[in-house]
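Keeping their order, the protein sequence lines are chains A and B. Here the first sequence stands for residues 1 to 214, numbered as in this note's numbering. Here the second sequence stands for residues 1001 to 1214, numbered as in this note's numbering.
What the hints contain is simulated information worked out from the structure, not anything from laboratory work. Quantities reported herein were computed from a predicted structural model and do not represent experimental measurements. Among the hints, a few may not be true.
[Said to hold, decoys possible] Subject to a maximum C-alpha distance of 25 Å in a straight line, what follows is the list of computed DSS-like cross-link-like pairs (lysine-lysine):
| # | chain 1 | residue 1 | chain 2 | residue 2 |
| --- | --- | --- | --- | --- |
| 1 | B | 1211 | A | 141 |
| 2 | B | 1008 | A | 8 |
| 3 | A | 163 | B | 1211 |
| 4 | B | 1211 | A | 8 |
| 5 | A | 211 | B | 1008 |
| 6 | B | 1141 | A | 211 |
| 7 | A | 211 | B | 1163 |
| 8 | A | 107 | B | 1211 |
| 9 | A | 211 | B | 1107 |
There are 2 protein chains.
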Amino acid sequence: MNQPVSGKTIGRLSLYRRVLYGLLAEGERNIFSHQLAVLVGGTAAQVRRDMMAVGYTGSPTRGYDVQDLTDSIGRFLDSPQGQRVALVGVGNLGRALLAYFSGRRPKLAIEAAFDTDPAKFGRVIHGCRCHPMEDLSSLVKESGITVGIITVPADQAQAVADKLCQAGVLGLLNFAPMRLWTPSVVYVEDIDMTMSLEKVAFFARQRANEKGGV
Amino acid sequence: MNQPVSGKTIGRLSLYRRVLYGLLAEGERNIFSHQLAVLVGGTAAQVRRDMMAVGYTGSPTRGYDVQDLTDSIGRFLDSPQGQRVALVGVGNLGRALLAYFSGRRPKLAIEAAFDTDPAKFGRVIHGCRCHPMEDLSSLVKESGITVGIITVPADQAQAVADKLCQAGVLGLLNFAPMRLWTPSVVYVEDIDMTMSLEKVAFFARQRANEKGGV
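Chain A with its partners taken away, still in its complex shape:
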């Protein structure tokens, strides 16, 4: 359990759990590693390795117990007491994310949103209250927020990241289209939507050319 675990493994565990939630909703009780592999687009060997990281082994005859496996992944991924998240930048994207994450993971709830627009101060948007940027530092510290989501424009993102890190946040999900500079202790994950769209467009065009029989 104390072995270092890669971001890819954590990503797959998150995906397994979501698939397992779906199976539970459909009343499935057991699943074999090769079946789970098909559902996530992986291999059975990969699934079994990942479950070993979680410390869960199935039965050779009945496979994994869906409920037990879901619980095991939850114990591995989630903090028992939950983790609190702050979102900074309540524009179109920020609001969409508040709606998207609202109620999705009780152990990982967006506790507070921050913006510079006074018209938004005090408003509750998709269940989350919006505060002035000036209150970020104190609120993050008081609430024990450890995760930040950055949805401000690129030219404000570094200043926001600085504030969040100074307040004690240790993980950032960054939607601003730029690379952040952070202390090495802080984990940063970028979601770069423009880059992703340009990638899709490039390969779509390449495949169109191939289809054209060049």
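Starting from the known structure of chain A, fit chain B onto it as the hints suggest.
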């Protein structure tokens, strides 16, 4: 130029270009590979390899010409006549993406949005007209749309992907939290926001524990 190029390379080229746009706006004329490397969080050797893929070489004494390099990357990444994009699912996230991408890349414009809600039919949202799902197939074919963005709930995503692929789309940017099944010719890029947030939370917690000196 005909060598296969990886998704990672395309991603970096997209990132270089964005940094170069910023430099152009600041009036910078030349940049060395090691300077560009710092700005994107990479190495100078990597930058030089990537620029060779684009077919651009700088001067040993003055580095890269910022404008020429920007243009070269553009010729490599963009289709000369532009590519058209459809977005399916005009909920909170879909609307936020219409706003986000509006006017950002003239050669990669969202031409049409689709939804099942009649209240949205005919409306222009952030510059993009919303059409009924029934018109997807004909409109995608008529407009020569080759790229699709999927922002519908998970349980509708596969049906939407099927429709887009059948209409001739060759690249999908999928925000629905599930793995799509598509013909092998279609390039799919997933943006899995829940997975990303869970990853950030996991590593934030791990680092909090390390900081605690366990």
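Hints, verified against the model:
1. Taking the CA atoms of residue 1211 of chain B and residue 141 of chain A, the gap is about 16 Å. The hint holds against a cut of 25 Å.
2. Only pairs whose Cα atoms come within 25 Å are accepted, and residue 1008 of chain B paired with residue 8 of chain A is accepted, the gap being roughly 16 Å.
3. For the hint linking residue 163 of chain A to residue 1211 of chain B, the alpha-carbon distance of about 19 Å falls within 25 Å, and the restraint holds.
4. A C-alpha spacing of about 23 Å is found between residue 1211 of chain B and residue 8 of chain A, which places the hinted pair at or below 25 Å, so the restraint holds.
5. Pair hint residue 211 of chain A plus residue 1008 of chain B holds up; C-alpha atoms about 23 Å apart against a cutoff of 25 Å.
6. Straight-line distance between C-alpha atoms of residue 1141 of chain B and residue 211 of chain A comes to about 16 Å, which keeps the hinted pair within the 25 Å bound.
7. Between the alpha carbons of residue 211 of chain A and residue 1163 of chain B the distance comes to roughly 19 Å, so the proposed pair stays at or under 25 Å and holds.
8. Of the pairs offered as hints, the one joining residue 107 of chain A and residue 1211 of chain B holds, with about 21 Å between alpha carbons and a cut-off of 25 Å not exceeded.
9. Between residue 211 of chain A and residue 1107 of chain B, the direct Cα distance comes to roughly 21 Å. Compliance with the 25 Å bound is thereby established for this hinted pair.
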